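On the provided structure of chain A, position chains B and C as indicated by the hints.
Residue numbers (our numbering), protein chains in the order written: chain A, 1 to 257; chain B, 258 to 551; chain C, 552 to 1010.
None of these hints come from the bench; they were simulated from the model.
Some clues are possibly wrong.
As the list claims (entries may be wrong) - If the Cβ cut is set under 8 angstroms, some of the chain B residues that face chain A in the computed set are:
(1) P523
(2) D526
(3) T541
(4) R542
(5) Q544
(6) A545
(7) E548
(8) M549
Stated by the list, open to error - Straight-line Cα separation of at most 30 angstroms, BS3-like style, residue types lysine-lysine; simulated pairs:
(9) K1006(C) to K853(C)
(10) K972(C) to K942(C)
(11) K1006(C) to K942(C)
(12) K551(B) to K405(B)
(13) K905(C) to K853(C)
(14) K1006(C) to K972(C)
(15) K141(A) to K995(C)
(16) K731(C) to K784(C)
(17) K784(C) to K355(B)
(18) K405(B) to K517(B)
(19) K517(B) to K731(C)
(20) K731(C) to K355(B)
Small disclaimer: the values here were computed from a predicted structure and weren't measured.
Note that the Cβ used here is the ideal one computed from N, Cα and C, for glycine as well.
What follows is the residue order along each chain.
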Amino acid sequence: MQIYAGIDAGSRTIKIVLMDAEGRVAASSLRDQGVEVVALAEELLDGLLGRAGLERSDLGRVVATGYARNAITSADTTITEITCHAAGVLRQTPQARTIVEIGGQDSKVIHLDDSGHVRDFAMNDRCAAGTGRFLEVVADKLEVPLNALGELAGGSTSPSAISSMCVVFAETEIIGLLAAGEQRANIVAGVQHAITSRVAAMIGPNARGPIIFTGGVAMVPGMDRALADSLGAEIQIADEPQMTGAMGAAILAAETP
Amino acid sequence: MKSVLYTCPFVPAEWIAACGLDPMRMTPERAGEGMPAGVCPFAAAFIHAASTTNACAIIVTTVCDQMSRSAEIIEARCETPVFLMNVPATWRTEEAAKLYRDELARLGRFLEDLGGAKPTPEQLIETMLHYDSLRAKRRADDETARPKGLPLILAGGPLRSTDIEIFDLIEQAGGTVVLDATAGGEMTLPAPFDRARLASDPAGELADAYFARIPHAMRRPDNQLHEYLNRELTARGARGVIYRRYQWCDTWHGEAGRLKDSLPAPVLDLVAGDDESDRAHVLTRIQAFVEMLK
Amino acid sequence: MNDTPAQITLDQWDERYDQLRSAGLVEPSYGGPLRRHLADGDTRLAHLRYDNSPAALRLWNFLLTEEDRLRDARAAGAKIVGAMKDLGTVAVMACSMDNVVAFYPDGAWWIPCMMELGAGLLNIADSLGFDESFCPVRAMLGAFVTGEHFPRPDLLTCSVGATCDDFSAIAQRIEAMGEKIVWWEAPHRRRPDRGETPVELPGGFVAPQCQVDFVRGELQRVADALADLTGAKLDSHMLAAGIEAANRVRAVLRELRQLAYTAEPCPMGALEMLIAEMLAIHFCSDRTESIAVLDGLLDEVKRRVDAGLGVARPGAARIFWINPVADLRVMNLLEECGGRICGTEYLFPHAIDKIPTDIEPMEALARMALADPMIGPSAGRAARICDDISKFGAQAAVISRISGASHCAMEGTVIADRIRKNLGVPVLEIETPPLSDSMRPTLKTRLEALVEIVKRQKG
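So here's chain A without its partners, still in its complex pose (with noise of 0.2 angstroms):
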């Protein structure tokens, strides 16, 4: 059997997905990312193919993209993550029109026409404070789960303005604000407004939907209400977020000729 595969390597996590020749997703998996990408990055597709049943010589295409997707050696090509979540939101989605991407260290914005094709895009590695990492920081500084961010957010009577573009001085200011007895709802409410207004204005006046949202963060409960919030308009969120980069590789991987 010709089985394909997507590697996305990105800053905080590994994802490998394998497809066959149909399309058909045969096996996936996730792993935190660490410092020897290549090694975890092999030892996940052998594992991955272990589990399935497969042998290398199974493999047809691989195609990596994410941050460090130069540094996988199995890979055949590497495409950019832009073009693969649009691969892997299409697949699920075909009447997608503005895709979100949230993940650890950075966030993106893709805008796709009638035909599916990227059309623009819009990135933001520069600023944590448009990105998980801030929701992380918030999360250590306020001694909240991730993912109870959320359900302490939803009891927010009025988010604070949290105004820094760094996020480093952000944390400065949700001290200030704890020291002022500030409600922990009301910072986490005003942290999730901070990420997804420049998640909007990244995206611009004239989004089209549908809208979808992926990603890591896209998994944060509340998150996808902040961001339809901020954007003034309706969002769906992708089957597994998490996958959707690594399932556009795959999809890739498989359709290349």
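Positioned in the frame of chain A, the structure of chains B and C alone reads:
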């Protein structure tokens, strides 16, 4: 020969040369220590380079707020004489054109004080023709070069020497720059001289070739820049525009959104900071852009 | 009726207003309790502390009703001129003409603060590509998009050149949205070269006559645009009358500043003085009423000085404040930390200086425009600030950096260095966003530390 340092495209090299000095157009490398937060990396690099130059003088222009202010910072840091040249933002009025011509005359007096000599009309014409032929050759070379990859325009603010790598990154990603429309590239070369006018009014022709015809984001209104990029996109068969600007450069930043709206081809907006680790991020964006266009 | 000066909250103003009304308070047409502006969306008002005088109430009401005045003027058939960036010149010209009202759209930069981001203007600017790396004046872009904060001007002018890049880029975007702009050039002010005729400008600056002539030519283009708009020519007599009216406002302001910034104890709070100074620019929507408002405030300050009354604690640290602050609440905070304002430079001293009246009016305005501290070397601005620090007897300076403003990064350092070197006065640089609540503890620490330094030096 004494060298005179400058970086702005609105400073005519032939005017300095005709005055008997050596025009040294500088591409700064990187900023030195002690620049406050919020300073554009290009201006910071220029200040550092100018403050340590061996040139006999430095010409700074008013093309942007931070470069204007860099003049007095350089003066405070070194002994080298600094000439701050007013380049008007408005460009469609006779008054603005006259101000630019008057500034060239004032620059001439500054150069004379440095040991230069006021050129005769014949000397000025000869120098202008020499530079004009050099630029004509450069344009011809650019036109005959066949793109190996996806044809792209690189546009935006000026580049530091450390930023020239972007041309390689574009090649790596499968693209080829068919027009350097950065502030310092082909876009900001002055127009070819009108030979008829050159004979009768060389100084006027020099001023007009630079002031009236170089597109730039600082111009008000800015339609010259948009018309130029629109025209060249078609003429060069470019499939997209990579628009590169510095963090804290408001002049070029301000044009990014509008260019995206108005140009008939996709625009990649690249923000460059002062961080070497940007390379991987920049490459990812360019690769994604090329993938998108393909 | 208790006339003891105090700084009170909005809630306390409700009670105070009722008392004043009962005591026979006479108000102008735009009068009323401060709280009514809260209902208009100016929610920041709930977090400020105000002077308790009727004069201060009138000042606030006047400031917060500019939009109403402009819309009324439009309804009455007046032409509306939006003057951008020059801060003090074009408005004088526009208001010299019959049936013309001018305003500065630049003032939109305080809307995000006053409405606590509720108007969404910064989000609109973000979406158009003008993010936080631009100065808060990007709110003006949002205001032009929504059309909700001022009427669409019949004529829009903008000074460019040696003005700040943020503003120029934002104005360019506004023009690209369909608003025609008359651009006029403000050249970088320089000292005369050998052989050039020097001209003394207001504020102690000097420039060559050729630069004054150039600016005069640019202003004439603006005058021509005004003539096209109104069908009437702006002649010297009209302009002289307009200058006289502007000078009347400026004279009251100078007297008010002199008294308020030098008297001990401090007779008027930092916030009201900031708003009063803003009338140097925003007087143009109603010149007569502006003068009445400022006269009222000056009378109150005189009364307090004569009676030895004030709002700040005696012995408060005497602070010179540089650049307007994006969050008005910070002015309250300075006083809470033990400081008081003794001198300011809010980027428009040329709108407070007297416009020369012994020369031809357009020449006078050209000199005034060229005296804008923004368009010359930072060292020139710093020198004037040093002079004013000495004049007002300030003990420390706060440079309030405007986040994202292209001029602040380099200029702040030059000004701070000059003050420290020439005067040996401590300088604090801060930067505040339109809503600074989350930064309040760090701002408080810094301002308190500055006050402590001053008090130790005094001791």
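The hints, checked one at a time:
Hint status for P523(B): holds, given a least beta-carbon distance of 6 angstroms to chain A, under 8 angstroms. Given hint, D526(B) at the interface with chain A, holds; its Cβ is 7 angstroms from that chain's nearest Cβ, closer than 8 angstroms. About 5 angstroms separates the beta-carbon of T541(B) from the nearest beta-carbon of chain A, less than 8 angstroms, and the hint is met. Taking 8 angstroms as the C-beta cut-off, the interface hint given for R542(B) holds, the closest approach to chain A being about 6 angstroms.
Hint on Q544(B) holds. Least Cβ distance to chain A is approximately 5 angstroms, under the 8 angstroms limit. Hint status for A545(B): holds, given a least beta-carbon distance of 4 angstroms to chain A, under 8 angstroms. At about 5 angstroms, the closest approach between the beta carbon of E548(B) and any beta carbon in chain A falls short of 8 angstroms, and the interface hint on this residue holds. Because the closest C-beta pair between M549(B) and chain A is about 4 angstroms apart, less than 8 angstroms, the hint holds.
Pair hint K1006(C) plus K853(C) holds up; C-alpha atoms about 28 angstroms apart against a cutoff of 30 angstroms. Using a Cα cut-off of 30 angstroms, the hinted pair K972(C) and K942(C) holds, with the two alpha carbons roughly 17 angstroms apart. Distance restraint check for K1006(C) and K942(C): the Cα-Cα separation of roughly 20 angstroms lies within the 30 angstroms cut-off, and the hinted pair is therefore satisfied. Between the alpha carbons of K551(B) and K405(B) the distance comes to roughly 14 angstroms, so the proposed pair stays at or under 30 angstroms and holds.
Pair hint K905(C) plus K853(C) holds up; C-alpha atoms about 22 angstroms apart against a cutoff of 30 angstroms. A distance of roughly 20 angstroms separates the Cα atoms of K1006(C) and K972(C); the hinted pair therefore holds under the 30 angstroms criterion. Proposed proximity of K141(A) and K995(C) is supported: the alpha carbons are some 22 angstroms apart, at most 30 angstroms. Taken as a hint, the K731(C) and K784(C) pair is honoured in the structure, with Cα atoms around 21 angstroms apart against an allowance of 30 angstroms.
The straight-line distance between the Cα atoms of K784(C) and K355(B) is roughly 26 angstroms, inside the 30 angstroms bound, and the hint therefore holds. Taken as a hint, the K405(B) and K517(B) pair is honoured in the structure, with Cα atoms around 25 angstroms apart against an allowance of 30 angstroms. For the suggested pair K517(B) and K731(C), the alpha carbons sit about 21 angstroms apart, so the restraint of at most 30 angstroms is met. For the suggested pair K731(C) and K355(B), the alpha carbons sit about 24 angstroms apart, so the restraint of at most 30 angstroms is met.
When held up to the earlier numbered hints, the structure conflicts with none and fits them all.
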